[in-house]
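Residue numbers (this note's numbering), protein chains in the order written: chain Y, 1469 to 1767; chain G, 6 to 139; chain Z, 610 to 740.
For the record, the hints were derived by calculation from the structure and aren't laboratory data. Errors might be hidden in some of the hints.
Derived CB-CB ranges, DEER-like [what the hints assert, rightly or not]:
hint, chain 1, residue 1, chain 2, residue 2, range
1, Z, Pro614, Y, Ala1532, 35 to 45 Å
2, Y, Gln1684, Z, Glu716, 25 to 35 Å
3, Z, Val628, G, Thr67, 22 to 32 Å
4, Y, Glu1539, G, Pro15, 35 to 45 Å
5, G, Val71, Z, Val681, 45 to 55 Å
Everything numeric in this text was worked out from a predicted model, so none of it was measured. Just so it is clear, CB atoms sit at the ideal spot from N, CA and C, and this is done for glycine as well.
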Amino acid sequence: MSDLADIISRNEQQIRSEWIGDLHQTVQRSDLMSKAEMEEQCSALLSAVTEAVRSSGSEDVMTAGWRQTREYLEEISASRARQGFTATEVATFVLSLKRPLFSAIRRDMGKTQDKMFDTIWTATELLDRLALLTTDAYLAAREELISRQQQELLELSTPVVKLWEGILALPIIGTLDSARTQVVMENLLQTVVATNSKYAIIDITGVPTVDTLVAQHLLKTITAARLMGAECIISGVRPQIAQTIVHLGINLEDVTTRARLSDAFALALQMSGRTVVRQNASAAGSKVVLAGPLAKQEG
Amino acid sequence: MSETKRETLPLKNSNDVVLARQKVRQWATELRFTLVDQTKLVTAASELARNALDHGKGGSMTIEQVGAGGRVGLKLHFEDHGPGIPDVELALKDGFTTGSGMGLGLGGSKRLVNEFSIESAPGKGTRITVIRWK
Amino acid sequence: MERIPVLRMGTLLLITIQVDMHDKLALQLQDDVTSRIAEWGSTGVLIDISSLEIVDSFIGRMLANIAAMSRVLGAETIVVGMQPAVAITLVELGMSLPGVRTALSVEAGMELLYGAGAGFRTGSEHERDEA
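This is chain Y alone, in the form it adopts within the complex (with noise of 0.2 Å):
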């Protein structure tokens, strides 16, 4: 096929400028992209493109000789991406230079017009091609940004806190599905290590509904904190959560759960043997201890 080579190689002046020129009415975004990084790009990738098509044809653009120009488009449709362009004005990037070529072909064949069909069709279908190329790069590029970010969201939507030596609370606020609680499991667990903490309070204030799959994400967490040493107490649960879990028939009986964060907070101080005195110099010799049925009452 070098005669689609001949021609963009004795034409490349006048196609890179009308190219140019057509972009400039059309996908111009000059507030995402200067005018000379634009024409910098056009140039790089005619000639990248008349050289791949010398050595290497115009039929597959997967072989060896196209590798450059594919890494090429496959790079500024990336960078494109994380930009802000739009997948239209990424292909059409590429789709606008059918137009000068094909007038460069008309131009040069226009008295053949079996071979100017010929070649006109094997331009286009050249250019489709390549045009398809970027829309995957572009949409290959744009998977990874979302997925970094929902990353990064997960990790900072579940902070953990410390409420007392050695003990943690884990507030969880949204829904609980099993990405989220891969996250929630290795973030408390490392800081139930990292802080030496025997008892961790998982919050569900937050969590709007507690079904079977929840609940099996919740014992996954705790079974695993359990193995290592520690143990978790569900705080949070309300009423609604209460009757659902006894309608769905899922078995709680090793997991110690409470109303409310202050009550886990509580059992986690006693568990851990502790009591909390208030002083007070108007009523000395009293103090208040915890409240609750295995609390002791002094006076």
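Since the structure of chain Y is provided, determine the placement of chains G and Z on it from the hints.
Here is chains G and Z on its own, set in the frame of chain Y:
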């Protein structure tokens, strides 16, 4: 790590099981799997390698890097020419064991990986392939 | 032959597992622990697995065996220092280590075995002990 993306190790004695673990760990570290994912994969490898040795009378493990469309993963293939497993479905159930112990069998290993396939029949040995994606 | 050292601290046996164990080493350890308990009359066994990055069903069985055998001989076993990744994997694997008590650290393990005050007390900045 060498240029080739596949490596085979023999599983002939209990030391080989340790070596297999370390090799999988090495590959997983190079591919930058997260710590938890690494631990799961290496543990699964340990279970399956041990199975090939204890029940399969020895065999081999092949590690291969796999990837399709931007995804990267590690594929482990275990092969032995032992007596084979008569009832694969039963073996995959938790609690099943032919020897003493906690009887996790293959069901446990299956949960540690993303893809799991097994081929076995009496007298035909066992072939197990697992993949963990990054 | 290499073996995992079993240290004696009074009535306590302290074992730190730092190597990737193969079968013989694990069996040797089981033997050593039971022998020492009988020889020294130990009442507590502390196994530190904080260096273990992998606990598969074989190691799990070994730990459970040591706990069971020690109990028959009158000693209590605590496994300490399990890494988070290991705990998460064990849960996924479905292994519960029945009969094995665990603690976060050697100090916590000693408190479990011998009661409060047995280990080193880590003071809290917010509280003081009552006289």
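### Query
Which numbered hints are broken by the structure, listed smallest first?
Hint 1 contradicted; others consistent.
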